[in-house]
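Numbered according to numbering that gives the first Met the number 0, the sequence shown spans residues 0 to 57.
Simulated from the structure, these hints should not be mistaken for laboratory data. The beta-carbon is built from N, C-alpha and C at its ideal position, and this holds for glycine as well.
For each label pair, taking beta carbons as the anchor points, the in silico distance ranges come out as:
#1 E16 - E38: 27 to 33 Å
#2 G32 - T1: 14 to 20 Å
#3 Q54 - T1: 26 to 32 Å
#4 T1 - N56: 27 to 33 Å
#5 R18 - Q53: 14 to 20 Å
#6 C47 - A3: 17 to 23 Å
#7 H39 - E16: 27 to 33 Å
#8 E16 - S37: 28 to 34 Å
#9 T1 - I21: 28 to 34 Å
#10 E49 - A3: 16 to 22 Å
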Amino acid sequence: MTKAVPSPCIGLCRLNEQRLCIGCYRTVEEITGWRDRSEHDKAAIVRCIEERRQQHNT
Numbered sequence: 000m001t002k003a004v005p006s007p008c009i010g011l012c013r014l015n016e017q018r019l020c021i022g023c024y025r026t027v028e029e030i031t032g033w034r035d036r037s038e039h040d041k042a043a044i045v046r047c048i049e050e051r052r053q054q055h056n057t
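Build the full structure now, drawing on both the sequences and the hints.
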């Protein structure tokens, strides 16, 4: 059984000029398709989010 990947949403939903959410660092496509994605895909998005967060917080 695969463990469910929780949504990274923190309730601060606003897009920046790169069209990334300033709260969770997901793209619009990642946000709107989250519920229908596989757990594998969600885990990959979370890894991308961590990279984006590090890039924007440097």
